[in-house]
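Trainee: 319 is the number of the first residue of the sequence shown in this note's numbering; add one for each residue after it.
Check each hint, because a few of them may be wrong.
Unchecked claim - Computed Cβ-Cβ distance ranges for the label pairs, DEER-style:
#	residue 1	residue 2	range
1	Pro363	Pro343	35 to 45 Å
2	Ala348	Gly377	16 to 26 Å
3	Asp344	Asp387	37 to 47 Å
4	Arg411	Asp344	14 to 24 Å
5	Cys365	Leu324	29 to 39 Å
6	Asp328	Pro373	17 to 27 Å
7	Ala342	Arg411	13 to 23 Å
Bear in mind the hints are in silico, worked out from the structure with no lab data behind them.
Values in this document were obtained by computation on a predicted structure and should not be read as measured data.
Just so it is clear, CB atoms sit at the ideal spot from N, CA and C, and this is done for glycine as well.
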Amino acid sequence: MISTELRLSDVYPHLTANIVALLAPDPLAATVDALPYLGRCTCTPTCVNLLTAPPGSAGCDLIELERGDEPVIWLNLNPSRTAIVDIEVLDPRELTTTRPVAQSTVVS
319 MISTELRLSD
329 VYPHLTANIV
339 ALLAPDPLAA
349 TVDALPYLGR
359 CTCTPTCVNL
369 LTAPPGSAGC
379 DLIELERGDE
389 PVIWLNLNPS
399 RTAIVDIEVL
409 DPRELTTTRP
419 VAQSTVVS
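Just need the whole structure built from these sequences, with the hints factored in.
Mentor: Listed below in structure tokens is the structure:
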């Protein structure tokens with residue numbers, strides 16, 4: 319675990335609540351409230367990834383969270399698929415509003 323006092327839930331409480339709701343019943347949903355927040359990815363000025371682990375921690379797997387048929391969030395996982403290492407927010411409304419539950423899809 320990364321030692322930081324700042325948590326994703328402190329910076330983006332609505333996003334955290336939306337991820338938990340969309341990800342349930344996946345066991346990773348129970349880890350979201352404790353995710354550290356390491357800032358935004360700085361690879362480009364327009365990158366929308368929020369880091370919850372050091373850059374380069376991601377494996378090849380991601381979980382796509384959807385509302386209806388629209389992808390709204392991608393959760394990039396570590397190689398062992400046991401931790402969320404960064405979050406790509408595809409719909410900016412997810413950052414500011416707690417929204418009703420939809421569904422999630424695992425993409426490998």
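Trainee: Confirm or reject each hint.
Mentor: Now for the hints, and whether the structure bears them out:
Taken as a hint, the range 35 to 45 Å holds for the pair Pro363 and Pro343, whose Cβ atoms sit roughly 37 Å apart. Taking 16 to 26 Å as the suggested C-beta distance range, the pair Ala348 and Gly377 conforms, at roughly 20 Å. For Asp344 and Asp387, the hinted distance range of 37 to 47 Å is not satisfied, since their beta carbons lie about 19 Å from each other. With their beta carbons about 22 Å apart, Arg411 and Asp344 fall inside the hinted range of 14 to 24 Å.
Our hint of 29 to 39 Å for Cys365 and Leu324 is violated, since their Cβ atoms are close to 19 Å apart. Roughly 21 Å separates the CB atoms of Asp328 and Pro373, a value that falls within the hinted 17 to 27 Å. Taking 13 to 23 Å as the suggested C-beta distance range, the pair Ala342 and Arg411 conforms, at roughly 20 Å.
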